[in-house]
Structures are given as C-alpha cells and as structure tokens.
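> Sequences listed follow chains A and B, in order. Heads up, the first sequence is in the working numbering, so the first residue is 4 and it goes up one at a time. Heads up, the second sequence is in the working numbering, so the first residue is 8 and it goes up one at a time.
Derived by calculation from the structure, the hints in this document are not laboratory data. Quantities reported herein were computed from a predicted structural model and do not represent experimental measurements. Accuracy of the hints is not assured; some may be wrong.
[Stated by the list, open to error] Okay, derived cross-link-like pairs now, EDC-like style, lysine to aspartate or glutamate, Cα gap no bigger than 20 Å in a straight line:
no. : chain 1 : residue 1 : chain 2 : residue 2
1   : A       : Lys400    : B       : Glu120
2   : B       : Lys69     : A       : Asp441
3   : A       : Lys439    : B       : Glu66
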Amino acid sequence: MSTLQFLADGFGIAFQWHNLLFAFVGVIIGTAVGVLPGIGPMSGVALLIPVTATITSGMPTDAAAASSIILLAGVYYGAMYGGSTTSILLNTPGESSSVVTTLDGYQMARQGRAGAALAISAIGSFVAGIISLIGLVLLAEPLSNIAIKFGPAEYFSLMLLGLAAVSGLAGNSMTKALMMTVFGLMLGTIGIDAVSGIARFTYNQPILFSGLEFLTIAVGLFALGEVFKTVLERDHEDGAIAKINRILPTKQDMKDSAVPIVRGSLLGFFIGVLPGAGATLASFFSYMTEKKFSKNPESFGKGNIAGVAGPESANNAASGGAMIPLLTLGIPGSGTTAILMGALIMYNIQPGPLLFDEHPEVAWGLIASMFIGNLMLLVLNMPLVRVFAKIIQTPKKYLLPIIVAISFFGVYAVQYTTFDLYLLLGCGVAGYLLSKNDFPVAPLVLALVLGPMIENNMRRALTISNGEFSIFFTNPLSLVFIIAAAAWLLIPLLLKLKGRTVVVEDEG
Amino acid sequence: MSKTFDRYSSIVFLLVGLLFVIESQKISDSAYGSTVGPKIFPMWLGVILILLSLRLLYETFKYKTKTASESKLQYKKFIIILTSAVLYAFLLEKVGYVISTFLFLLIAFQTMERGRLLPSVIIAAVFSLSIYYLFAEFLGGSLPGFPVL
Numbered sequence: 004m005s006t007l008q009f010l011a012d013g014f015g016i017a018f019q020w021h022n023l024l025f026a027f028v029g030v031i032i033g034t035a036v037g038v039l040p041g042i043g044p045m046s047g048v049a050l051l052i053p054v055t056a057t058i059t060s061g062m063p064t065d066a067a068a069a070s071s072i073i074l075l076a077g078v079y080y081g082a083m084y085g086g087s088t089t090s091i092l093l094n095t096p097g098e099s100s101s102v103v104t105t106l107d108g109y110q111m112a113r114q115g116r117a118g119a120a121l122a123i124s125a126i127g128s129f130v131a132g133i134i135s136l137i138g139l140v141l142l143a144e145p146l147s148n149i150a151i152k153f154g155p156a157e158y159f160s161l162m163l164l165g166l167a168a169v170s171g172l173a174g175n176s177m178t179k180a181l182m183m184t185v186f187g188l189m190l191g192t193i194g195i196d197a198v199s200g201i202a203r204f205t206y207n208q209p210i211l212f213s214g215l216e217f218l219t220i221a222v223g224l225f226a227l228g229e230v231f232k233t234v235l236e237r238d239h240e241d242g243a244i245a246k247i248n249r250i251l252p253t254k255q256d257m258k259d260s261a262v263p264i265v266r267g268s269l270l271g272f273f274i275g276v277l278p279g280a281g282a283t284l285a286s287f288f289s290y291m292t293e294k295k296f297s298k299n300p301e302s303f304g305k306g307n308i309a310g311v312a313g314p315e316s317a318n319n320a321a322s323g324g325a326m327i328p329l330l331t332l333g334i335p336g337s338g339t340t341a342i343l344m345g346a347l348i349m350y351n352i353q354p355g356p357l358l359f360d361e362h363p364e365v366a367w368g369l370i371a372s373m374f375i376g377n378l379m380l381l382v383l384n385m386p387l388v389r390v391f392a393k394i395i396q397t398p399k400k401y402l403l404p405i406i407v408a409i410s411f412f413g414v415y416a417v418q419y420t421t422f423d424l425y426l427l428l429g430c431g432v433a434g435y436l437l438s439k440n441d442f443p444v445a446p447l448v449l450a451l452v453l454g455p456m457i458e459n460n461m462r463r464a465l466t467i468s469n470g471e472f473s474i475f476f477t478n479p480l481s482l483v484f485i486i487a488a489a490a491w492l493l494i495p496l497l498l499k500l501k502g503r504t505v506v507v508e509d510e511g
Numbered sequence: 008m009s010k011t012f013d014r015y016s017s018i019v020f021l022l023v024g025l026l027f028v029i030e031s032q033k034i035s036d037s038a039y040g041s042t043v044g045p046k047i048f049p050m051w052l053g054v055i056l057i058l059l060s061l062r063l064l065y066e067t068f069k070y071k072t073k074t075a076s077e078s079k080l081q082y083k084k085f086i087i088i089l090t091s092a093v094l095y096a097f098l099l100e101k102v103g104y105v106i107s108t109f110l111f112l113l114i115a116f117q118t119m120e121r122g123r124l125l126p127s128v129i130i131a132a133v134f135s136l137s138i139y140y141l142f143a144e145f146l147g148g149s150l151p152g153f154p155v156l
C-alpha cells in the first residue's frame, strides 16, 4: 500500500466521531495549557494521560491507544498555539517557546494591533503545522525503512545520542544535566529485570517489583513541582491585559508575514527533527533569521509583525518535527515527546520503525488527526481568542489546589496505590528543588523512559558480540551515532569555553 | 543557583551512586541467555554518577557565590498545603475519595487566600462530587467510595 492509501485510512480513523471529539478536547485543553502560565505542555500532557487512560478503558487496545494519543498530541501542539496569547497580551510568555514572541508581539499590542498579532500567530502556526505534517508524511516511510534494519548496537548508540542531545542542551550546567540523565537511567533499573527476571533494588517490597511508574514521576516532577513553585514564590500579579480591537490582519500584515511564516516553518521543522533541540530553540533561531533577512532590522523589538510570524510558526513546526524521531525511530527528542512515548508504551505499543507496520491505525490515525486538529485550532483561535484570553484571569487560589487534586486523581486512578501518591508528592518537592537549582528535570524523565530500552539493546548487542564492547565502535552506523553524541556534548562545552553564550532548550 | 544546595546534592548523588555500585554487586549474576548479567548496567551507572557528583562538588568550590536576592518564600502556605496533601494521600483509602478531596481542596483554597468561604465550599464540593460520579459511576472506574458507617 502506498503512503497515500495509509494516510487515507488514517483519516478514516481520525474522522470517527469519538476521535474528532478527542482531538477537539485535546486542542482546547492544549490551548488552555498554553495560555496558563505555570502549566507547560509537558505537565499538561502528563496530567491528562491517566484521564485518557480511563476514558478509553472500554475500547480495544489499538483503538484506545489511537484515541488517547490523538488527544495527548492535541494538547502538545495546541499549547504551541496558546503560548503566544499571553506573550502578546500580557508580555508574559505562557511557554518558554513563546519568549521571543513577547519582543514584538507585546509592542504590537501596545500599538493597538493585538488582534493582528494573535491572528498572524494562529495563521503562522497553522501553516507551520501543515508543513511539518507533510514532512512527517513524506519522511515516515523512508525513515522507518532505514530504522528497521538497525540492530541492537545501532539502537543503543542512537538512544545514547538522544540522551546526549537532550543533556547537552538542557539547563546551564552540563554536569547537572548529565547527573539527572544518569539518575533517571538508574531509577529505570528498579524493578524486575526484563531479560533475566531478577529483582533489582526492590528489597522485597512487592510494590517496587514493577518498577517506579514513569507517569507518577513525570506528573510529580513537572506538574506538582510547578505548583509548589508558584505557592512558594508568589508571582507578582500581572499587569493590564491589552485590548483586542480588530482580529483580522490587514493585507499589508499578511504580505509582510508570508515569507517569515514559510521560513520559520521550514527552520522549525528541521530543528524539531533534531533530538534535544525543540520549540524554544526553533523560535529563537527563527527570530534571529528574520532579523537578519529583514530590510529594516532596527524595527524589530518595536512591533514588527515578522518577529511574531516567524517564531510562532517555528515553534509549531518544531513540535510537528519532533514527532518524527518519536514515531519512526522510537526515540523521543524532548521531554514532552518522552511523555507521549510513555503513554504509548502504557498501551503496550512500542513506537519505532515497526509502529507503521504493526499499528498503522495508531500511527496514521495520529498523523491524520493532526491535520484536523490544526484546522480546528485555526478555526477556534481566530474568533475565540478573546475567550482564551479570559483564561489568563483564572484565579491561582483555585487553580493550584485543583491541579494537585487532578494529579492525585490521575495517579490513583491508574495505579490504585497510596504508595504512588506519596511518591508523587516526593517527586513534586524534588522537582521544585531541582529545577530551582538549575538541575533540569526533562533529561531525567527522558532517561527514565529510555532506560530499560537502552539496557536491553546494550545487552543484546553484547550478547551478539560475546561481551566485546568494541561492537559499538566497529559497527559503522553505531560509530556515527556515538561520534554525534560526543559532539552534542563537546561542542556546547567548547563554545562555553570560548565565552560564547549557548542557547538552552528550556521546557516547562 | 545556590552553592550549598549544589554541594549537598552532589554529596547525596555521590552516596546514591555508591549505593548502586555496592548494591548491584548483590544482584546474582545468573546470565543465562546473555553474556552480560543484570548487574553490569546499574553498576556502571553508579560509577558514572559518582564521577559526575565529584565533578559538581569540584565545581562548587570554583564558582563565586551569587548574591542571593531571594524574595521571601511563603513557607507557611507551602507547608500547610504539603501537609494537607500528605494527609489527603493517607486518608484517601480510609474515608473515601469524595470526603478526602473535598477537605483537601477546602483547606488548600483557604490557605491560598483566606476568606470567602462559600465559593470555596461550592467549588470543592462540585469538583470532588463530579469527578467521583463521572469516573466511578458513569465511566465505571474504581475510586474508594464513602466510608461504611
């Protein structure tokens, strides 16, 4: 069957009424998550996994997995749309990926062009979403055909590359990022070893036999960590929200932003495909590029619409691009995609080259639903932007305790143990302390998800080679991955030594 | 960034690494079907973590302390909310979902901002009851119900 045929089947799945509903709910919640400062896409997705798991519990596994991943991915790219709203209206970015949008977006709002800025970022996000999806459709088959030939040695090195890339770009101190990665890998070894069936680090506690639940740790580190932070360090309350007068952009606005949107989309897509680099870096680079290409660079920072259109397209394209390594290689390149991967694994569906053969309805259903979801977001965001702007005013006093209650509900509904609730709270406190002190938590979650796979592939590779570690270096592809991994770690280090500032990918 | 935190955490992680190295030696090395037993991976992770912790410890002696411009942290609120969350976890299976959630939300709302009891009561009640009935009754999930009196 050709790619188009698969895509058509995917649309068949995405157009089932309950999947339309799931995509719709996903993008709405995603937009809300994006608008609310404090909850990022990562905690938003993590919080919703248990909820979707329960709603889909009556369906057959594959259909359930397709439906929930449709909703969760909707939250992910929906958040990219929503993130710009607060940047433009309040000068406070809802997500780290919308930080650069504040530079020109807020200036536009002050000049009374808030509506145009919001509309352009919605249109840009839409175009970018579609461009990155086309890229995903085109690359999915060839990439998974290559990946299917990978042996355990290649996989091991490729995952090492993924971890190295995320650690190299996360946070200001690479030592700390690497420590978090290794610690995540260690947490992943707790429980019964999948190869030999031997219990490790369980100390005869039956509750530990199945290992620490990744969901509990992710929700604790991100969602609760963020709640505790806000409780402790009361953010100074926000200023006045800029008024939205006219929503439709003028012809001149459209003309000015057409090229930046396309440029931002392409740039964002390729940055998103790279492991470790994600939406934040993409938006940052796009802003720099637009400034470089602009005829009057001095107008940037004073409300130039290209400074909104480019970065907003780029961050959305990056979130689409980030799905490629996740779906085709089975290797998440960022914290949020790691959580999406954890969700798929919960349904016993292993992302990777076999995904497109074994579970085409999940893979293609998701891709098709992303087309629909992006369209929904465009339609929703233009007229409803005023409604979403209202969400910013949700009082924190109600929001924060409810996030705690939702986390409790989610974790308990999946795990049925009080132990996980205590673990959740512990991770919340740890998450606050760690991220406050510059220990990035995204690599920890990524390592926790990848850990068991890394170990299995390492052991399988070593079994093939009779325990010779040289297999990782003699195998040409594996060697390339290892060199790339080393480069990801060394190049930022060298740049820092030279006194250059390195952009870090910050995910919330 | 706090130097003391970095220093203590590097020591904690150092100990964790050591624990992994020592404890992994106790994992039996029955490696049937595989030349590499289940203890190799955790042991090496432990070694790497020890090295990284030492590196961080070394770094803490190098960099200058930044002047701490800490805004006052609201410890009291945080401790009340954390304690009530722990109690919430403790009581969830004992008094059931609806009652424990209602109590937790009420306390947390009032801790965040004192006063206006009525809206807090209403929101807490609506949240806990609707989650319970939607999930346990409508979707057929399982949550601890009401205590048997």
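> Decide if the proposed pair is consistent with the structure: Lys400 of chain A and Glu120 of chain B, CA atoms, cutoff 20 Å inclusive.
Roughly 6 Å between the alpha carbons, so the hint for Lys400 of chain A and Glu120 of chain B holds.
> Between Lys439 of chain A and Glu66 of chain B, does the CA-CA distance stay at or below 20 Å?
Holds. Lys439 of chain A to Glu66 of chain B sits at ~18 Å (cutoff 20 Å).
> Within a Cα-Cα threshold of 20 Å, do Lys69 of chain B and Asp441 of chain A meet the stated pairing?
Measuring from Cα to Cα gives roughly 17 Å; hence the hint holds.
Hint compliance for this structure: every hint is met.
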